[in-house]
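Those sequence lines, one after another, are chains A and B.
What the first sequence shows, in my numbering, is residues 1 to 539, in sequence order.
What the second sequence shows, in my numbering, is residues 1 to 330, in sequence order.
What the hints contain is simulated information worked out from the structure, not anything from laboratory work.
Check before you lean on any hint, since a few could be wrong.
Label-pair distances were calculated between CB atoms; the ranges are [to be verified]: (1) K319(B) <-> A41(A): 23 to 31 Å; (2) N67(A) <-> A37(B): 36 to 44 Å; (3) E54(A) <-> P303(B): 31 to 39 Å.
Calculated lysine-lysine pairs in the DSSO-like style (CA-CA distance at most 27 Å, straight line) [unchecked claim]: (4) K82(A) <-> K272(B); (5) K246(A) <-> K272(B); (6) K364(A) <-> K272(B); (7) K294(B) <-> K315(A); (8) K305(B) <-> K13(A); (9) K321(B) <-> K246(A); (10) K272(B) <-> K315(A); (11) K385(A) <-> K76(B); (12) K319(B) <-> K318(A); (13) K108(B) <-> K320(A); (14) K76(B) <-> K388(A); (15) K305(B) <-> K42(A); (16) K318(A) <-> K305(B); (17) K82(A) <-> K305(B); (18) K329(B) <-> K320(A); (19) K329(B) <-> K364(A); (20) K315(A) <-> K321(B); (21) K245(A) <-> K76(B).
One side only, chain A facing chain B, incomplete, derived with CB under 8 Å [unchecked claim]: (22) Y83; (23) C96; (24) R166; (25) E180; (26) K246.
Positions of the beta carbon are idealized from the N, C-alpha and C atoms, including for glycine.
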Amino acid sequence: MAEHTPKPEELSKVDYHPPKKGWMDPHVEFRKGTFCYSALAKNIEYLGMPNPREWQPFDADWKLPPNWKQIILDGMKERLEKYRSFRLFMDICVRCGACADKCHFYVGSGDPKNMPVLRAELIRSIYRRYFTPAGRMFGPLAGGRELTEEVIKEWFYYFYQCTECRRCSVFCPYGIDQAEITIIGRELLNLIGCNINWVIEPAANCFRTGNHLGIQPHGFKDSIDFAVDELEDITGIRVEAPIMKKGAEVLFIMPSADYFASPHYYTLLGYLMLFHEIGLDYTMSAFAGEGGNFGLFTSHEMMKRLNAKIYEEAKRLKVKWILGGECGHMWRVAHQYMNTLNGPPDFLEAPVSPITGTRFENAKSTKMVHIMEFTADLIHNGKLKLDKSRNDHWKVTHHDPCNVARGMGLLEEPRYVINGVCNHFHDMPENTIREQTFCCGSGAGLGTDENMEMRMRGGLPRGNAVKFVKEKHGVNLLTTICAIDKATLPAVVDYWVGGVEVGGIHELVGNALVMKGEKERTADLRGTPFAGKEVKAHA
Amino acid sequence: MNALLSLIVVLVLGALAYVGGSVEGLRTLFGVIIPYAAILTFLVGVAYRVVRWALSPVPFRITTTCGQQKSLPWIKAGYLESPSTTLGVSLRMALEVLLFRSLFRNTKAELRSGPQLVYGENKYLWLAALAFHWSFLIIFLRHLRFFMQPVPAFVNLLSGVDGFFQIGAPVLYITDIVILVALAYLLWRRFRDPQVRYISLFTDYFALFLLIGLAGSGVLMRYFFRPDIVAIKELALGLVTFTPAVPVQVGGLFFVHLFLLSLLIAYFPFSKLMHFAGVFLSPTRNLANNNRAKRHVNPWDYPVKVHTYAEWEEEFHDKIKAAGLPMEKE
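The following block holds chain B by itself, in its conformation from the complex (with noise of 0.2 Å):
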């Protein structure tokens, strides 16, 4: 139900943006004035989110450890996996945004008749996160080519390595490929596994929809339904140099494209897109382990009402007496 509605959601707002682009009163709208409000709401609204973040403080270092802490000397310490140093720390981080260190891990436990509990390797959902993430990103820089006049000479490194495998005309982009072939693993686990499909609401499969829209809008504009390139590249430059004008040979699809685009970036801020970003502030993978090293200091830290030794003593003055246990008064 989540699922269809989303797809409903995100179908007929493809539909809209291609109907718009076709209404010539309409086309500055989406080509400019969306595009330009998407980027302002995503900036103020990330800013806005981690600024959120960045004020509650982190009152104790709750480091999750995975590995061997620093002890006595002659004892293996973890680094990566319970690092006591900023180098260490620095590591394990990098470990975690660049190859998802801790998805890695993933097993499935199956519990058989016995009853006996096994764990398998389960490494799928691993492979298709980082699948996506990394053909989304080199997707990204591929897309400077539109924004920048020289094309920077690392975009075009880029594409001619992802076009490698060059399979007739036009170049056919592997990442092209890979990230929708990922986003379909992505969707249809959350439809096939009965756990997933329990927890999913409307708002993960809306995200799932709207990269496979954008995806796939730009993946037929490619191969199948081509625009005029030039007339893209103009617009885009006009975008990013504030002089927007929407050139006359820009075709329906791509005002899909940018449209989703558009809502996508827009939609960051609102959404548990914000990952991205927060996964850099999580209190039990960015801090070290170091605590009894290093006092970690709350700074909203306040008086509480404790039970002192003298009144402790006070109350059991007898029996302690009686004990023949020391006392601070007779």
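Next comes chain A alone, as it looks inside the complex (with noise of 0.2 Å):
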């Protein structure tokens, strides 16, 4: 924890009543800990975008081009064009206020610019005073704003304090969805080179080497390797872990962090058994080696720039389909963008599990199918040996990931998962969980140490539900499917709850999963004993 974030008593006393000024003064104060930095020269140099320069947040002077206005101007023109949900969202707004306390920024800061539909009419604001004649002859009258130096500062600190999780867009009558919007107006700050780094630089290292860490091809295959290793002792079995490999019927597609972050490395060692025990003929690929995208917090272009590995290297590979891992954003882009930035992925058939005959129908365009459907789907078919008793030491709950409930739609998977491998299951009040779930407070590339008051203000909502079940069911551990939720949660609940671990649900699979010929086992992926075990494991 960075060390001038306050104390949880302290932060959760929040203000809810607003500023006595009024909300078009745009004047923001970048204050230690509820703001990220500024994207590293090199990295926007390397992606080949905009203004590149040596600058902070809290600095005066930006060092903006010069013709700064008009490339902001021109931009909204563009994308008003081009995006009907733009044009659309500017337009019908009427303030209801519904959106307000939906938000997770607004209800752990209280600032009322986080307020979903204030964050909005900061763009709002500036597109009614130079695209509407309302705006343009009445200015303010008509909600009108002058686009100044100070509204771009403004856009940056908000704009980089949403999460694009979507949970506003539930609750609007219009469906108005403020990620919608943040992702334009970081696409418009992105174009005079106003973007942080915490999601430049991944993207810079995903374009380069394939994955966020900017891990090599020889790094790749060492944590691989370093895994298959640890299963060997763990269970007794050497599995195969076949990495770019010819002609294999699937392609598996993971977050980066799944092979070089804990506590997503369990989840890693779980895919890897899963896969040895049902016999899947699959690769993995250094080159493929990220499902994350980090391009869908910058633009719409680097989305498409960094997704584009993913169907080139089924071709090359002569794959059937694409099985992806346990992952948020990545899920968002490969079932509501992928097929349309970069398909159709004509070369690959329709997914068919091989083990169980079943037809993915749900992925036979985009031919990429989740992981939890297809384990839910080999649990349903009886084809894994399963022993729950070994997850009896974990009272599990499950965080829904932003991305996967509301940009997909999976809430059943993983909870049939759970409670097939698991028997201590208890979900969180509903209005935390399943499309209300709420963020973690660091997605959206706003995971960084700097950031950290803004990220444990963000993540109170969840604390709090968490923390709701580990004193009413006991619980112990909190699973999620995202990558981004695995390295951020864990500060979340230590912060706001203590005592409650973060995983995936194939580690529990994992946990749980028989394997022909494994040795007995006393603890689980992470070396804790099963229940039952310790007193035989520390004998």
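Using the hints, put the two standalone chains together into the complex.
Pasting the structure below:
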């Protein structure tokens, strides 16, 4: 935890009274802990994006290009013509305020500009002033505002204080989606080089090496080998983990954190065990070694540039279809964008599970299946030997990742699998799960340490719901199928709850999976003794 | 401040019409020219706005899924909240447009000490919005009796049902009360709730005061200051048959009513009131969640600079080789 982050008791005293000054005053204060640092010039240069330079948000001079205003207005015009969503969402909001307390950042900060309606008004006021007759004529009276450098700073602050989680859009009577507005707002900011390093560096790394972390091919191989060795220690079985094997049936895509971060790593172990046990003919790839896509947090164009690898690699390796691992925004891209961006993947076949024969009709065009769908189908058809008691030391609750819930609708599959592999599962209150799930507070590229106070504020609703099931049911494990969640929820639950671990569902699958020829297991993938085996393990 | 200013503007406009209606030279202006101009503005303006929206394509299928996707056959899909078919989308839209489904979800989050975040029911906004919009529609339809001769049977039926609770004469229409109560709540809510007050613009109050003025002047005429209904119908029929004339019996309060109505309909295309048409075009609601089953085409898609496998292999050639991974070029 960053040292200047206030204590939970302090942070939870949220003042919801709006300030005296009206919201049209754009001034923001860049207070430590509530914003992200600027993108490094080398990363912007590498991606060929505009205005690479040395600057920080707290600087007085942001070194914008001289014609920045024209760039923004031209950029708005172009996007109004390209995206019906953008034009419509600029026009039809009635400011009913139903979205206000649906945003985790508003709940945790009380800052009125974190109400989705007002976050959108920050850009709508410019739209009205420069693109509508009423705004041009009547200015502030018609809700119009002058575009100044202060406004750009304000946009930067608040569009990088939105995790594009879409919770507001569930409650909006017109389906206005703040994620869409934030995505376009960030695109505009990128035109004049106002972006954050926590987004641009992973994007640059991914473009170059194939993954966010900048791991080069031999590093990829090393971490997979390490996992295979460790699995042999745990199970006594040496699994095969093919990398870039031509002619495999399935290309497996995962977020890079799965093979380079913790607790993601235990999920990777779970995948490898599962694929071995069912004899799946698959391959991973170091080139397409990243399912996550920080292009989604940059611009539609960058999303397309980074996503292109997946189909390219599937074609090169001559696989039949693609299986995708546990990740949140990766799945928003795979489900709602990939086929449009880089399809159609005519060289692939409609996915069929080689184990159960199930045709994944819902994925017949994009040809990419979610691993929760795949594993749920295996369990439903009785293809796995599972010992649920091996997860008895866990009392589990599940966090629906925003993108998977509201950008895909994958809600039952994870619960089906969890209930298939463990005995103690308790959902959090209904206002905080499924389509109403609360963001971890660190998504959309905001999960960086310098932004810790804002992350904890945004994580308050989630943390509070976890605390509720911890106190009620003794929950000690929060599962999630999102790599950003796995990286950032541990900090959130430590801060707001304490005594709850975070893990993936395939980690639990790995714990419960009884493999043919395995040695006697006394501990789970983390080395935590199974319930009832504690004494033996300690002895 | 915004509220006061918009109240003053609406009052001044109302007074203008009241006075104008009594000045001989201005009666044609307020009774004929302005209503025609307003309708023309509405038709042209709304068409323009809708066409503008329609001309912007929908490059991606960005449904907000509020329920279970259709995936494996044994998992029950949320056919209304996450529809995968056109029928499902139509039903979802019908629920949205007719019953304000999304607003019905509304809750109130409250942070108590602890901290403890609790979520309470909060259906008043939904109820008031629904009450207002449906009353408005019914009142609009009831008014057809002024514009049509003979009066269609459904209009009489509707008026009959609306006036079911016959309290004295004239018949008291339920919608007249409901619309005023609903509007009063919506206005009160903008004042009372600090967050909503903070976000409210002049235009938000302006629309509300226009509607209150419109409904209020109507109610005054119906129950308190009865105008010459026959003369009003003569004017109304004259307008729709393009033989406009302003009968001498038509009085001041009616001009206020007609003028506020003219302002309202002329104001539509320039304002947030366009949500009545926009809701049908919202891409997060009117698209099926069948993304992976059916490809969506982006009409302005263009090629982008990518990092190809060949470039990647060339850059990391030695490392790939040293790691013993398969390669295209050894």
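A quick look at each hint next to the structure:
1. K319(B) <-> A41(A): 23 to 31 Å: holds, 26 Å
2. N67(A) <-> A37(B): 36 to 44 Å: The hint (36 to 44 Å, Cβ to Cβ) holds, given that N67(A) and A37(B) are roughly 41 Å apart.
3. E54(A) <-> P303(B): 31 to 39 Å: holds, 32 Å
4. K82(A) <-> K272(B): Distance of about 21 Å is within 27 Å: holds.
5. K246(A) <-> K272(B): Given that 27 Å is the threshold and the Cα spacing comes to 56 Å, the pair is violated.
6. K364(A) <-> K272(B): violated, 40 Å
7. K294(B) <-> K315(A): Roughly 20 Å separates the two Cα atoms, so the pair holds.
8. K305(B) <-> K13(A): Between K305(B) and K13(A) the Cα gap is close to 48 Å, so the pair fails against 27 Å, i.e. violated.
9. K321(B) <-> K246(A): OK: K321(B) and K246(A) at ~16 Å, within 27 Å.
10. K272(B) <-> K315(A): Given pair K272(B), K315(A) is violated - Cα atoms ~48 Å apart, limit 27 Å.
11. K385(A) <-> K76(B): holds, 25 Å
12. K319(B) <-> K318(A): holds, 23 Å
13. K108(B) <-> K320(A): The hint is violated at about 48 Å.
14. K76(B) <-> K388(A): holds, 25 Å
15. K305(B) <-> K42(A): holds, 18 Å
16. K318(A) <-> K305(B): holds, 23 Å
17. K82(A) <-> K305(B): Roughly 20 Å between the alpha carbons, so the hint for K82(A) and K305(B) holds.
18. K329(B) <-> K320(A): With Cα atoms ~23 Å apart, K329(B) and K320(A) stay inside 27 Å; holds.
19. K329(B) <-> K364(A): Violated, because 33 Å separates the two Cα atoms, which is more than 27 Å.
20. K315(A) <-> K321(B): Holds. K315(A) to K321(B) sits at ~22 Å (cutoff 27 Å).
21. K245(A) <-> K76(B): violated, 37 Å
22. Y83: holds, 6 Å
23. C96: This interface hint holds because 6 Å falls under the 8 Å limit.
24. R166: Check passed: Cβ of R166(A) comes within 6 Å of chain B, closer than 8 Å.
25. E180: Where the cut-off is 8 Å and the nearest Cβ of chain B is about 7 Å from E180(A), the hint holds.
26. K246: holds, 7 Å
Hint compliance for this structure: hints 5, 6, 8, 10, 13, 19 and 21 are broken, all remaining hints hold.
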